[in-house]
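Chain order of the listed sequences is A and B.
For the first sequence, our numbering assigns the number 1 to the initial residue and increments by one for each residue that follows.
For the second sequence, our numbering assigns the number 1001 to the initial residue and increments by one for each residue that follows.
Keep in mind the hints are simulated off the structure, nothing from the lab.
Mixed in with the good hints, there may be bad ones.
In silico DSSO-like cross-links for lysine-lysine, where the CA-CA straight-line distance does not exceed 30 Å [unchecked claim]: (1) B/Lys1066 x B/Lys1196; (2) A/Lys80 x B/Lys1310; (3) A/Lys3 x B/Lys1290.
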Amino acid sequence: MAKHTLIAYVEDVPGVLNRIASLFRRRNFNIDSLTVGRTEQPGVSRLTVVVEATEHGARLVEANLYKLVNVLRVDDLTHKDALMRELGLVKVTVTPNTRAQVLQLVDVFRARVVDVDELSIVIEVTGTPDKIGKFELVLRPYGITEMVRTGSVAMARGHETMSANPPLVPAVLAPDHAHDSGISMSV
Amino acid sequence: MKLTGAEIIWECLIREGVDVVFGYPGGAILPAYDAMTKYPQVHHVLVRHEQGATHMADGYARASGKVGVAIATSGPGATNMVTGIATAMMDSSPIVCITGQVGSKAIGTDAFQETDVTGVTIPVTKHNYLVTKPDDIARAIREAFYIAKSGRPGPVLVDITKDAQQLSCEFDWESAAPKLPGYRPDLRALPSEYQKALELINTAKRPLILAGQGILKSGATAEVLKLAQNANIPIAVTLLGLGVIPASCEHNLGMMGMHGEAWVNEAIQQADLLIALGMRFDDRVTGNLKTYAQNAKKIHVEIDPSEVNKNVPVDVALIGDLREILEELLPSVKKTTHPEWWATINLGKGDAAVRDIQALPDSGHLYAAHVINDLCHFTQTLKKDTIVVTDVGQHQMWEAQYFRHEKPRSLITSGGLGTMGFALPAAIGAKFACPEKDVWVVVGDGGFQMTSCELATAEQEGIKVNVAIINNSFLGMVRQWQEFFYDKRYAATPITGPDFVKLAEAYRLKGLRCNKRSDVKSTVEKALAAKETVVIDFVVEKEDTVFPMVPAGAALDKMIRRPKQDVMLESGSDKDWEMPSSTLPNVFAEAKAEAVALNSRGKKAAKPAKPAKVTKPAKPAKTPARKAVASKSAKSNRR
Chain A
1 MAKHTLIAYV EDVPGVLNRI ASLFRRRNFN IDSLTVGRTE QPGVSRLTVV VEATEHGARL
61 VEANLYKLVN VLRVDDLTHK DALMRELGLV KVTVTPNTRA QVLQLVDVFR ARVVDVDELS
121 IVIEVTGTPD KIGKFELVLR PYGITEMVRT GSVAMARGHE TMSANPPLVP AVLAPDHAHD
181 SGISMSV
Chain B
1001 MKLTGAEIIW ECLIREGVDV VFGYPGGAIL PAYDAMTKYP QVHHVLVRHE QGATHMADGY
1061 ARASGKVGVA IATSGPGATN MVTGIATAMM DSSPIVCITG QVGSKAIGTD AFQETDVTGV
1121 TIPVTKHNYL VTKPDDIARA IREAFYIAKS GRPGPVLVDI TKDAQQLSCE FDWESAAPKL
1181 PGYRPDLRAL PSEYQKALEL INTAKRPLIL AGQGILKSGA TAEVLKLAQN ANIPIAVTLL
1241 GLGVIPASCE HNLGMMGMHG EAWVNEAIQQ ADLLIALGMR FDDRVTGNLK TYAQNAKKIH
1301 VEIDPSEVNK NVPVDVALIG DLREILEELL PSVKKTTHPE WWATINLGKG DAAVRDIQAL
1361 PDSGHLYAAH VINDLCHFTQ TLKKDTIVVT DVGQHQMWEA QYFRHEKPRS LITSGGLGTM
1421 GFALPAAIGA KFACPEKDVW VVVGDGGFQM TSCELATAEQ EGIKVNVAII NNSFLGMVRQ
1481 WQEFFYDKRY AATPITGPDF VKLAEAYRLK GLRCNKRSDV KSTVEKALAA KETVVIDFVV
1541 EKEDTVFPMV PAGAALDKMI RRPKQDVMLE SGSDKDWEMP SSTLPNVFAE AKAEAVALNS
1601 RGKKAAKPAK PAKVTKPAKP AKTPARKAVA SKSAKSNRR
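Excised from the complex, chain A in its bound form (with noise of 0.2 Å):
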């Protein structure tokens, strides 16, 4: 199993989400992060969802979602060389003696601070997913009283467009397939 990176272009129209979601969980896949949002075609809207699947997991997802009537084309940005970003917002306790080593941390992480008062400090940073983690992590020990993270969205490095057709499902049995237990998990 590992983090698996799709973006899907879908029709904006009410309901398309539900569509997307009531998919994942009944094929049984988990969502890692869904974020979904404008782009530069009216009525288009786009998605990036890191679902936690194998490889073979990872081509049904993406099949499935080709059979949604509102998904336009999905691309699997895992294997290519693609930039996968993240907004998160942290708010943390600080008094005068720890104000200054939060600075300078946010200052390393190239973070901004864009609320300050006398208790607290509101840090806006973006990056990939792994180093709004080690942020987190870093801010612990100061208190953190509230954090919110997006979610990652992605996009593919260059010029080339993606591909609209849905994908040949590989041909391998996933590990943890179901008939591995001994137990029938059909009726």
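Place chain B on chain A using the hints.
For chain B alone, kept in the frame of chain A given last:
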């Protein structure tokens, strides 16, 4: 042309070629029903339960190849449809369901009879729509029909708010053409895949075609037969593929899977090439995936890319329309005969002729298999086409084994979802699609009671279907599982029912009863002679068992074989089957452990070891003669 939303619904249906709809009125769909009076060219069939409406639309679609239409109101009307929609989804049946919805301003307020029907049906529809404006109705309905019947067919639901039905707008059919940029029903296989497929087919020593319902959907029977004949390839069919390949076709081995004949499953396990045509390797067909057809390369011809490599990894995937793909392949398929392969298969068939129960003398007992066999033989002597609609359970499997279907669309059954209660309403739908054909319902006494209210629909519509209830006073298939896997603890499987003859008469229909084999033919004749719907109560042996059987999760060729024939004749029942000697899946161990745990929990509870005795009917005495017969034939009979 300015029309109300309700009128637009009917205008669209008529333009889509709909002449009959199955429905049930209610508050939120009332405007549509009111407008219906202006469109007498569409016949409305009033059902007795909305589930029946969806099954009827499904049966109509499967019998005709056209799109079936079901209508219901909001809330309970729509939720009642869910079972029928899921049935159509699993068996790729094109139906369009139109439901009323509360007014658009009331959505989300928990208004009377409000349900989020589009939300509820997302997982069981191919696509669905919530329409809140009259301007959007035409396009939604056009797209619904297009999506339902194109690609891999399936159910589509259109939920229309009451105000959208009441308000008026300009109706323009042309500008409401489907705009579906993300929908790709017409995928094509890569040229390189064709080459690979041909290489495999032309070099295979033991090829086997797995024929599924996709052949019917694509209308590719002739092409499949040509492929089989050119390269002399045997064909195994799925349950929904029955009839797609004529039973009399010399290449047709019969049904595969859990209750498929032994030689068919053995052929699959021994094959070196499986050519899967329009089938999806369901668990009922494959048994244990780890041991499934391990010697075989696999070619999968399938229109739905998400089915490829889902259960069984394949070597070549040809995605697209089956007929087009076969047309492309056929000219390059080499002529071969595979004599050794056929010899192996014929050896496996062995004593098949001996086991044709039609050939057996009348012992006085009536078995379901007799009823179905006789029904098959008798209806085939008639000049008329017959459609058989089966429910789910033992009778369904017996029908699949003993009724020889020669034509596509002559069997309609709920395969994927296994919906009890499907048969009667689906048969009514099929009769509306094919009024010139005889329609037979083969149904168990359990499943029949789930939707028997639709007898009233048949009566009100004045249509004739022939209902053969295979009445064994048990939920037979579940009882069979309990017999095999749960030490015969018959929990909740004995079932009673009304007097089915009187029930039919109460609906002003004809009721008949038959409990002797010698009466089967005359009863069937009487039923066919009657003008109205006839319900026949075939009272059969109670503890009869469907053989062979691959236990769920076991390897495909490790099946519980038919008991010796003469023993079956004697008792009809359950005594002489043997579990396969190989290791079986843990269900057995589990069941045992469960039983032990149950038994040891509190000594005061009665030991539930053999509660079956109580419910067991009196049986013919176990005569020494029977045993003698059994042992005598033990040597000569492999199964």
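Against the structure, the hints:
no.	hint	verdict
1	B/Lys1066 x B/Lys1196	35 Å, violated
2	A/Lys80 x B/Lys1310	24 Å, holds
3	A/Lys3 x B/Lys1290	26 Å, holds
In the structure shown, a violation is registered for the earlier hint numbered 1 alone.
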